[in-house]
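Could you build the full structure based on these sequences and the hints that come with them?
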Amino acid sequence: MIVDKLQQLGQKSIAKIQGMGRATVMLFGALVAWPTPRKSFPLLLKQLYVVGVLSLLIILVSGLFIGMVLALQGYTVLSKFGAEQMLGPLVALSLLRELGPVVTALLFAGRAGSALTAEIGLMKATEQLSGMEMMAVDPLRRIIAPRFWAGVISMPLLAMIFTAVGILGGHLVGVDWLGVDSGGYWSAMQANVDFQQDIMNGVIKSAVFALIVTWIALHKGFDAVPTSEGISQATTQTVVTSSLAVLGFDFILTAVMFGG
Amino acid sequence: MTSRKIEVLVGLFVALAIAAFMLLSLKVANSGMAGSGETYMLYAKFENIGGLKVRSPIKVGGVVVGRVRSINLDTEEYSPVVAMEIDSQYNNFPETSSVAILTSGLLGEQYLGLQPGFVDETVSILKSGDYVEDTKSAIVLEELIGQFLFNRGSN
Chain A
0 MIVDKLQQLG QKSIAKIQGM GRATVMLFGA LVAWPTPRKS FPLLLKQLYV VGVLSLLIIL
60 VSGLFIGMVL ALQGYTVLSK FGAEQMLGPL VALSLLRELG PVVTALLFAG RAGSALTAEI
120 GLMKATEQLS GMEMMAVDPL RRIIAPRFWA GVISMPLLAM IFTAVGILGG HLVGVDWLGV
180 DSGGYWSAMQ ANVDFQQDIM NGVIKSAVFA LIVTWIALHK GFDAVPTSEG ISQATTQTVV
240 TSSLAVLGFD FILTAVMFGG
Chain B
0 MTSRKIEVLV GLFVALAIAA FMLLSLKVAN SGMAGSGETY MLYAKFENIG GLKVRSPIKV
60 GGVVVGRVRS INLDTEEYSP VVAMEIDSQY NNFPETSSVA ILTSGLLGEQ YLGLQPGFVD
120 ETVSILKSGD YVEDTKSAIV LEELIGQFLF NRGSN
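So the protein lines, in turn, are chains A and B. According to numbering that gives the first Met the number 0, the first sequence is numbered sequentially starting from 0. According to numbering that gives the first Met the number 0, the second sequence is numbered sequentially starting from 0.
The hints are simulated quantities; they were obtained by calculation from the structure and are not laboratory data. Any given hint could turn out to be false.
Stated by the list, open to error - Capping the alpha-carbon separation at 25 Å, the derived lysine-lysine pairs in DSS-like fashion look like this:
no., chain 1, residue 1, chain 2, residue 2
1, B, K135, B, K52
2, B, K44, B, K135
3, B, K4, A, K45
4, B, K4, A, K38
5, B, K126, B, K52
6, B, K58, B, K44
What the hints assert, rightly or not - Across the chosen pairs, the derived CB separations fall in these ranges:
no., chain 1, residue 1, chain 2, residue 2, range
7, B, E37, A, V68, 41 to 47 Å
8, B, S2, A, M199, 32 to 38 Å
9, A, D175, B, E132, 47 to 53 Å
10, A, L56, B, V62, 40 to 46 Å
11, B, G49, A, Q17, 56 to 62 Å
12, B, V62, A, M199, 27 to 33 Å
13, B, G49, A, V31, 52 to 58 Å
14, A, F257, B, M21, 21 to 27 Å
Since we're looking at a predicted model, the values are computed, not measured. Every residue gets a Cβ at the ideal spot worked out from N, C-alpha and C, and that includes glycine.
Set out below in structure tokens:
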């Protein structure tokens, strides 16, 4: 009885570690190679469009609304202390340090990560990947690499756009609606936001999340069971696993960057 | 979707991201202004700097003219030496000027208040690297209370 449970645990652990190993091998196969810019640049551009440009709308809208809600909720508490001037730093710091990178990563996992998994899983199910191998085209180089780079490049850019739009949304509610002084909003923000400490750490965070989310999405698609059920499972797993990974890594990164 | 259209849209996306980054680094953070203007250094020796920090503002009549670059301990007298980075458009402080560590409001941060002194023929103008001789240290609340209690006791 206990031995059976132990066996199950061992089986699951081995399967997980094997999965990680396959993911690492896949990433190495895709990335470690002689660069061929003329061939790979158009592929990358296409993926930047699919992964980055098409995610822009959801990022813009949610950034604007999250900034607006932050300003609205922050104002309620701050006005009790007569500290409405601190609304700018509140909105800017929470967006730059946490919400910008994290919410962008979660939205990115839902919007672009799931699409990547489904696309690659379907390619596998319809044997397009093995067809490419038959024609001596490396699917890792042709399919995985451009998608990986597109994800890693576009997510920090999306996080930056998210943060900027959020701060403008906070300005919209705080200054134009609730009547905080516009000069105070910006100058208190400038006095409290540090370029190295806040902006660069936010960018580093979003780059790490980009790596995690894109890698998980590509691996789940590449490793999917090639049936319609397998693809649906892989897509769900992508969103769940990458969201959990992002939240976990966010805690670690925050503890390292701002904990000391 | 033609490849030209894709290229234009990707270009637009990247341009938008650069604009967002510029907004963040120039309008939200204060780094854009720190690197732009030319500055010169003045030094001041205090007895106690209280809660003064690196990058605290230096104000003349409430106007920010510079920031604290570094705070070090003098190894001979063990008194703190504050290096002040001052905008070079304000390079006309006479050597009779004084610096005091002040607090903005009751609970606010501490800053350096620079008070320009008088000028006559014998007074020269402070140059880069000079020390401001006349300094007033930070008021430490505990010392103030201690003095008060001591005075009460002796009466």
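Status of each hint after checking the structure:
no., hint, result
1, B:K135 with B:K52, "holds (16 Å)"
2, B:K44 with B:K135, "holds (9 Å)"
3, B:K4 with A:K45, "holds (10 Å)"
4, B:K4 with A:K38, "holds (19 Å)"
5, B:K126 with B:K52, "holds (24 Å)"
6, B:K58 with B:K44, "holds (17 Å)"
7, B:E37 with A:V68: 41 to 47 Å, "holds (43 Å)"
8, B:S2 with A:M199: 32 to 38 Å, "holds (34 Å)"
9, A:D175 with B:E132: 47 to 53 Å, "holds (50 Å)"
10, A:L56 with B:V62: 40 to 46 Å, "holds (44 Å)"
11, B:G49 with A:Q17: 56 to 62 Å, "holds (60 Å)"
12, B:V62 with A:M199: 27 to 33 Å, "holds (30 Å)"
13, B:G49 with A:V31: 52 to 58 Å, "holds (56 Å)"
14, A:F257 with B:M21: 21 to 27 Å, "holds (24 Å)"
When held up to the earlier numbered hints, the structure conflicts with none and fits them all.
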